[in-house]
Amino acid sequence: MTKPIISMKNIVKKFGDQTVLNHVDFDIAQGKIIGLIGPSGAGKSTIIKIILGMEKTQEGTATVFGQVMPNRKLLNRIGYMAQTDALYDALSARENLMFYADMKGVDPKDAKEQIEHITKVVDLVDDLDKRVSGYSGGMKRRLSLAIALLGDGEVLILDEPTVGIDPALRRKIWDELHSLRDDGKTILVTTHVMEEAELVDDVALILGGKLIAYDTPANLKAKYNEDTVENVFLKAEDQNEKNMGNR
Amino acid sequence: MRRTWAIAKRVLKELFRDKRTLALMFLAPILVLTLMKVVFTTNSTTDVNIATVNVQSSLVKQMDKMKNIKVTKYSTEQKANKALKDQKADGIVHRKNGNYYVKNANTDASKTAATKVALQSSMVATNIKNLKAQLTKMAAANPQAAASMQSNSQKAPKIHNSYVYGNKDTSFFDKILPILMGFFVFFFVFLISGMALLKERTTGTLDRLLATPVRRSEIVFGYMISYGLLAIVQTLIIVLYTVYVLKVEVLGSMWNMVLVNVVLAIVALAFGILMSTFAKSEFQMMQFIPIIVIPQVFFSGIIPLDQMAHWVQDLAYILPLKYSGEATSAIVLNGEGLGQILAPIGALLIFLVILTMLNVYGLRRYRKV
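These protein sequence lines map, in sequence, to chains A and B.
What the first sequence shows, in full-length UniProt numbering, is residues 1 to 247, in sequence order.
What the second sequence shows, in full-length UniProt numbering, is residues 1 to 369, in sequence order.
Simulated from the structure, these hints should not be mistaken for lab results.
Heads up, some of the hints might be wrong.
[What the hints assert, rightly or not] Under 10 Å between C-beta atoms, here's a sample of chain B residues computed to sit facing chain A:
1) R3
2) W5
3) A6
4) R17
5) R20
6) K88
7) T203
8) D207
9) T212
10) P213
11) R216
[What the hints assert, rightly or not] Mimicking DMTMM-like on lysine to aspartate or glutamate, the simulated pairs with C-alpha atoms at most 25 Å apart in a straight line are:
12) B/K65 / B/E14
13) A/K140 / A/E116
14) B/K13 / A/E113
15) B/K368 / A/D110
16) B/K199 / A/E237
17) A/K140 / B/E282
18) B/K9 / A/D110
19) B/K13 / A/D89
20) B/K13 / A/E95
21) B/K19 / A/D89
22) A/K172 / A/D183
23) B/K199 / A/E113
24) B/K13 / A/D215
25) B/K116 / B/D86
26) B/K9 / A/D127
27) A/K130 / B/D207
28) B/K67 / B/D207
29) B/K9 / A/D89
30) B/K61 / B/E77
31) A/K140 / A/D126
32) A/K112 / B/E14
33) A/K9 / A/D202
34) B/K280 / A/D17
35) A/K109 / A/E176
36) A/K32 / A/D215
37) A/K56 / B/D64
38) B/K368 / A/D27
39) A/K210 / A/E241
40) A/K130 / B/E14
Positions of the beta carbon are idealized from the N, C-alpha and C atoms, including for glycine.
The whole structure should be built from the sequences, with the hints applied where relevant.
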């Protein structure tokens, strides 16, 4: 097997007394889309923050490209889209994109071309010079995704990328994610939408700070004897609760 | 460096599109300074009404002659008391058995003081007048003495005033103005920069920013450059307005004043950013105003520090506004040059270095490298 791009080794993360991640352990291979699914508060965002080096772990290490995080310079090669839109409202979409291109150190000559391409993907070409304060929720989400795609990062980390985006565009975005994957990019996506979990290569199921399962959607369905990932999710949650009760 | 500039440019762009905040930074200080000028120059004298009971008319006349004093005679104490109660009089002078009893309303300390002074100096004046009258009487009996007295009393000495700073109309306003300028710069930059970084945190843009390879110091310096530029403009407006419109005399160099205030503004910015990390919302940021900003006014030199208790004086050393007040007062009132204000500027720079390091370190909370 090739070297994993992202590797979580036995991660324990506590905020005060509360254990948020309890010995989470997985490797992500290059060129895959991984869906991180789990209920709110399961620790999905914490995993992302650890991979990005925003949080330190109490135990275990997270490595990206074979190097231990936190590591500021590696952030160059990672595209990140946060759960909140996190945009500068007073600026236009183009100005937002230019700003983040500067932050990521994208060559100013390439920046224009990249912005042109990316805005086509997220369908914002006509609204590029409008202020973000006048954007609808869906438009903001798309711009936020566009920022993550800037800099042509080898790894994309997308926290709930398709919330508030209409079905047609959602499909378009997933098509783009698939083609990015085919170009060799590694994509980590968190989602609440279980239909989307069918579209990923591997599902990482997180419950109560633990990694319950890490497999392809097809294998998971077979293992739990269910026909959709949604049902797998519900069943796993149910079993987990029973285990907690037995203890 | 490219990132620092990009951040500075972005912050400025956001600021210039926020017209209300801009107006607040540039127009509010001008409005308040104008109001203060009007208030302090018109209200420097108070009219005092004194009621008298059973006071000889020579003394009453003498008191009535004094500036801003009006004396009304009352036939009985009851009537005078009623006048005092109805706020027609500010004090009652009552003569009983050869002594004077003064009853003060004391609702305004300056009026009470004026009443006391009026009575005392009038008594002295009437005494002198009586003495003079007696002397003349005695002199009439002794022509030799009368001749020498007359030659002596011809020349009363005249007093000529000249002013190192300002003129005879210089008021309290002129003394506190240099300090107030610093206060405005500090207050607005503190508040607006603190809010700006708080907004970056609450909207999530700070997280997103920190998910790029930007250095923490680049963020802090980017903010410093943008707010530094803004502070230069703000200070220029305030200085030009006070010098050319409010006609306040500045003995030293105007540009030194700008320098001091820009350094102060960057300290305020660093302070604002630091405090914003302790606030969860804009409202909590506002709560720092009575704790951080207002107390500085008292120690900034508006009230002379050397009259305070020692421990209070020591407290002033940890407040940046003290140093800027010291420096600008020296420039405006004493015409000191750059050499004389290096010490307070140095103190401000020490604040700046410490606060900046704290800020760069403080951002570790949001990203561990």
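Hints and how they fare:
{"no.": "1", "hint": "R3", "in the structure": "6 Å, holds"}
{"no.": "2", "hint": "W5", "in the structure": "8 Å, holds"}
{"no.": "3", "hint": "A6", "in the structure": "4 Å, holds"}
{"no.": "4", "hint": "R17", "in the structure": "4 Å, holds"}
{"no.": "5", "hint": "R20", "in the structure": "12 Å, violated"}
{"no.": "6", "hint": "K88", "in the structure": "60 Å, violated"}
{"no.": "7", "hint": "T203", "in the structure": "6 Å, holds"}
{"no.": "8", "hint": "D207", "in the structure": "6 Å, holds"}
{"no.": "9", "hint": "T212", "in the structure": "4 Å, holds"}
{"no.": "10", "hint": "P213", "in the structure": "5 Å, holds"}
{"no.": "11", "hint": "R216", "in the structure": "9 Å, holds"}
{"no.": "12", "hint": "B/K65 / B/E14", "in the structure": "63 Å, violated"}
{"no.": "13", "hint": "A/K140 / A/E116", "in the structure": "17 Å, holds"}
{"no.": "14", "hint": "B/K13 / A/E113", "in the structure": "23 Å, holds"}
{"no.": "15", "hint": "B/K368 / A/D110", "in the structure": "30 Å, violated"}
{"no.": "16", "hint": "B/K199 / A/E237", "in the structure": "37 Å, violated"}
{"no.": "17", "hint": "A/K140 / B/E282", "in the structure": "23 Å, holds"}
{"no.": "18", "hint": "B/K9 / A/D110", "in the structure": "20 Å, holds"}
{"no.": "19", "hint": "B/K13 / A/D89", "in the structure": "11 Å, holds"}
{"no.": "20", "hint": "B/K13 / A/E95", "in the structure": "10 Å, holds"}
{"no.": "21", "hint": "B/K19 / A/D89", "in the structure": "14 Å, holds"}
{"no.": "22", "hint": "A/K172 / A/D183", "in the structure": "17 Å, holds"}
{"no.": "23", "hint": "B/K199 / A/E113", "in the structure": "31 Å, violated"}
{"no.": "24", "hint": "B/K13 / A/D215", "in the structure": "47 Å, violated"}
{"no.": "25", "hint": "B/K116 / B/D86", "in the structure": "21 Å, holds"}
{"no.": "26", "hint": "B/K9 / A/D127", "in the structure": "22 Å, holds"}
{"no.": "27", "hint": "A/K130 / B/D207", "in the structure": "24 Å, holds"}
{"no.": "28", "hint": "B/K67 / B/D207", "in the structure": "68 Å, violated"}
{"no.": "29", "hint": "B/K9 / A/D89", "in the structure": "15 Å, holds"}
{"no.": "30", "hint": "B/K61 / B/E77", "in the structure": "19 Å, holds"}
{"no.": "31", "hint": "A/K140 / A/D126", "in the structure": "14 Å, holds"}
{"no.": "32", "hint": "A/K112 / B/E14", "in the structure": "22 Å, holds"}
{"no.": "33", "hint": "A/K9 / A/D202", "in the structure": "18 Å, holds"}
{"no.": "34", "hint": "B/K280 / A/D17", "in the structure": "22 Å, holds"}
{"no.": "35", "hint": "A/K109 / A/E176", "in the structure": "24 Å, holds"}
{"no.": "36", "hint": "A/K32 / A/D215", "in the structure": "12 Å, holds"}
{"no.": "37", "hint": "A/K56 / B/D64", "in the structure": "82 Å, violated"}
{"no.": "38", "hint": "B/K368 / A/D27", "in the structure": "22 Å, holds"}
{"no.": "39", "hint": "A/K210 / A/E241", "in the structure": "13 Å, holds"}
{"no.": "40", "hint": "A/K130 / B/E14", "in the structure": "14 Å, holds"}
When the structure is compared with the earlier hints, violations turn up for hints 5, 6, 12, 15, 16, 23, 24, 28, 37 and for no others.
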